[in-house]
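**Student:** Take a look at the letters that make up each chain.
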Amino acid sequence: MLKKTLLLLLSSLSTLFAVSVEDAFTNGSINGKMELFYYNIEKDNTPKAYATALGGALKYITDTQQPFFATFGFHTSNPVGENENKTKTSLFNNDKDGEPLHALSEANIAYQVTGRVMKLGNLIFNTPMMNEDTTRIVPWSYQGFTYTGKVTKETQVQLKYIWNIRNHTSSEYTKMSASGEIGDAGITMLSFHHMNKDRYNLQAYYYYAPDLYSTFVAQADYSILYSDLLYCFGIQWFKSGNGGEFNKRENLDGGDDINLIATKLSIDGDDWLASLSYSQNFGLSGMRKGYGGLTKTYTTSMVANGRANYKPETWMLKVHYDLPLSEIHSEVALWLTDTKVHDERGKSFFAHYMHYKHSFTKELSLYVRYEHINYDEPKNNDATYFRFITTYKF
Amino acid sequence: MDAVDPLKVITMKTKTFLLSFLLGAPLLATQNTDGTEYKAPRLAGDSLAIKPLEKPKNDEVSSLEEIFTKGKVKGLLRYSMQNRNSNYNTLEKPSSSTDRQGYSAFGGYLGFESAAFYNISAGVTFYTAQKMFNNDVFADGTLGGLAEENGKAKSYTALGEAFIKYKDTQNDLRFGRREMPNYRFISLSNIRFSPLTHQGATYENTTLKNTKFIFGYIDAQKNRNAEEFTDMVNAARVKENSSTGRNLIRGDYDPENYDAAGNYVGEDKAMYMFSTAWTPENFTAEVWDYYVEDFVNTIYLYTDYTLPVDNELALTFAAQYAKQDDVGDHVAGSVDTWFYGLKAQAAWKSGITAFASMNQVEYNENSYDGGTIFVRWGTPQMFNSFQTQDSELAGTKSYGVGVQFELGHMGIIPNTVIRFRHAYYDMPDALGDYFAAQDRSETTFDLRYSFSKNDGFGIFTEMKGLSMQLRVAYDNFRTDYDFDAYKNLHGFDFERVSDDFVDTRLYIDYLF
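First to last, the protein sequences are chains A and B. Under our numbering, the letters of the first sequence match residues 1 to 394, in that order. Under our numbering, the letters of the second sequence match residues 395 to 906, in that order.
Isolated chain A (complex conformation) (with noise of 0.2 angstroms):
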C-alpha cells in the first residue's frame, strides 16, 4: 500500500511539474536588440582610439504571471572593420585585449506574492551608485540577492546583497567593483522610494561596503505644471565613509570622502526643455562610477561631468529641441559644462556637447554623440569623442 502511494505520488509530482515548468516557458517572452556602434577618441598628444562594434543582446523571461519565473539574458559586442587602440572605447573585452565580449548579463530565478518579489543570480539594475550604464552595447551586472517591495501604494523598499560584479568590459563576475575590491562582505543596499506620481519623488539609499567603502544617498524631485509649462526642481546628496582595507581615498570612481550636494532646475515645454544644474563635491574622493555602472548625478553629460575627484564645483546647462521630422520622436540638443575644481590635484575644464537623435520606427532609431572637453591646464589634453549609434529594437 505505502509503495502504491509513493509510486503515485511521485507520478503526480512528476505531472505537476512538467505541466507547471511547460506553461512557464511555453508563456515565455523573448526580446532583444542589435547596435552598431562607432566610437572615435581624439585626444592631444595622445594616439586616437576608434573602433566600430555589431553587437546586441538577447533575453529570455519565462512567464511572470507565475510565481516562479526565471530571466536569462546574454550581451555581446564584437569588433567590425578597421579599429585603432580599441580597448580604449570601451566596447570589448578589455580582459583578453579587446576580443569579442559575451557575457551573461542576467540569469536569475524569481519569486513573487503580491507587490514583493525577490531574485536570486546574475541581475542588472539601476540604483544611483550602482546601475548597468547603458552607454556602450553590453552593460555592467551583479551577482547577489534582491527583495522589492511595496510597503504601500506610493512606497517602495529594496534590499540588495551583492557578492560578484561583472564590469562592462568583461564577461566574468568578481569581487571588483568600479571602485576597488569589495571583499567578502559584498555590498548590502537598503532603499526607500516614494513617488507622489503628480507632484514629488522622494529616494534615499544606504550602501555598506565594510571591505571598501560605505555610502548614503539622498534625492529629492519636485515638479508642478505652470501656464502649459512642467517645472522640475531636484536635490541630491551624496556621503561617503567607513574605508576599508581596499578603500582608495582619492579614487576618481569612488571613495570614503564623497561629499557631494547638486541641484537641478528644469522646464519642459512643448517641444523644448532646458534645465540647469549645480553640483559640487566638498570631498577628494570622485564618484565616476560608484560602485559599477555610472553615478547618476544631475551633473552628467557623455563624458564629461561633475563627479570627478579633488573638490569639483561644476554648471551643467541641457538644452533639447524636439524636431518635426519623426512621428516617433526626434531630437537636437545642446549641453555645456563648467568645472571649477577646489583642490590643484582635480582638473578645471569647459565642455560642449552636441547630440541628434532620431526615431525611425518603435524598433529602429539613430543616436549620434559629439563631444569636446577644453581642459584649463595645457597638461591635460584636450578631447574630443564622437559615437554613432543605430539600434533595433525587438
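Please keep in mind that the hints were generated in silico from the structure rather than gathered at the bench. Because the structure is a prediction, the values reported are computed rather than measured. Ideal Cβ positions, reconstructed from N, Cα and C, are used throughout, including at glycine. This list has only true hints and no planted wrong ones.
Simulated restraints on C-beta separations:
#, chain 1, residue 1, chain 2, residue 2, range
1, A, D44, B, A595, 39 to 49 angstroms
2, A, T26, B, K546, 32 to 42 angstroms
3, A, D322, B, M862, 55 to 65 angstroms
4, B, T427, A, Y161, 40 to 50 angstroms
5, A, V368, B, L602, 47 to 57 angstroms
Over the 10 angstroms line for every Cβ pair with chain B, so calculated as not near, a few chain A residues:
#, residue
6, P67
7, D198
8, S275
9, P324
10, D382
Got chain A; can you put chain B on it based on the hints?
**Tutor:** Only chain B this time, still in chain A's reference frame:
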C-alpha cells in the same frame, strides 16, 4: 475501469522482456506510445552524426516588421558533470588522489531565429557554462567541459551562432557561425557541455530525388569550452611534439609555424567541403571531401544498406573508408593515412537493437602521429568511437559489440532507454614502434530518461522538456609492457601511460 497495480504491471513486463531477450524474438508493439510509427535507431554507435531535433519550419512573413515578432526561440537549461578518476601518467607523475579530471556546471543556450522574409531569415545563439559546486576537486583539468585558466576551471559564455539563411524547398544557403550537425567530420561532438560550432558558408541542394549535394567553406571552429573561434589547423589539435617529447610531425614542414610550446601559430587555414549523398529507400551512399588549405585533404566514403527481414526485424550493414593526405605547404608535415570500418546491426521493433563493428587505422611512421586520423572537427566517425576511446589513433584495430534496450517501448520501465557496449582496441605496441600505445578495452553503460516521452527516442535524441542522461565507461589498459626498455630505445617516455579508469557523465536537460 479497474485500478491497475503498477507493481504487478512491472513484474509482467519484466517477464515479457526476459522472454523476448532470451528468445531473441520480438513480442511487443511496433508503434510508439504516442501513436507514431516505431523506427529502429540508426546505427547505434556514437560515431554517427546525432539526428538533431526536428525544428519547426520558420514562418514566412510578408513584412519586415513581422520577422522578429514571428521569430522562434530555442533554449536549453542544462546541469552537467563529468568525473574521470584515473591513474594517468603513471610514469611521469605517480598517481595520487588529485588525479581527477572533470567538471560540474550549469548553463545551456538561448537562441532566436527570425521568421523568413522572401525565404531569408537570421539567427543568433548564446552558449554558456557556469561553474557549479566544487570544481577544485578536478585538479587534472576539465576535459573541455569548462574553460581553464592557470589550472583552474572557469565559466565561459560565447556567441556560438550568428547566421543568415536562405531556404526554399530545394536550396539551403547559410552564412555565418552555427551548429553544423550533419556534415560527418564536421559535426557537433556534443559530449561535454556545449557543442562545437563552425563558421563559414554552406549550400545544400536537393533538386535531384534522393540526392543531396553539399558545398561548404568553413574557416573557423569554436571548441566546446572556448569563447572564440580558431582556424581549422588549430581546430584539428595539431601539435609539433607530444607531452613526452615524441615528434608528432613527420617529413618536411616549417618550424616557424610553431611556438615554443609546439602550438600552431602560422597563418589561419580554412576548409573547403564537398559532399554528395544518395539515399534511395533502405540504402545510403555518401562521398565527402574536406580540403584544409596547406594542411590535409580527407576523403570519406560511407554506405549502409538496411534489409527488412520481416515485419519485426531489420538488419543493417554499413561500411566506411577514409583517406587523409597532406596538401599545399603541408604545415603539419607528411600526412598519409587511412582507416576503414565495417558494422552490422539487428534492430527488432520490440525495441532491442544489437550491433557488432570493427575498425582499422593505418600505422605509418612517416605520417603525422604515426597515421592517427585528424577527427577533431566534429564527432569522430569511426564505428568504434565509444565514450572515451575514438579508435582514431595510429594503427588501431578495434572490435566492438553493443545492445540497446528501449525499455519504455518494451513496457518494462517507462520513458527509459539503456545501452551496453564493449570494445577492444588492439594498438601497435612492439618495442620498436615509435608510435606505440597500450592495448585497451572499454565497456560502457548509457541511460536516457525522459520526463515527457515514453519511447521513440535514443541515447542522444534531442527532446523538448525535461530529460536525463547518465553515461558510465570503464576503460582497462594493458600495463604489462617494458616501459623502461621503450624509453631507453627511443629516448622519451611511452606515451600517455594509463592504468584503468571510470568515466562518468551526467546531463539533466530542459529543452524549450
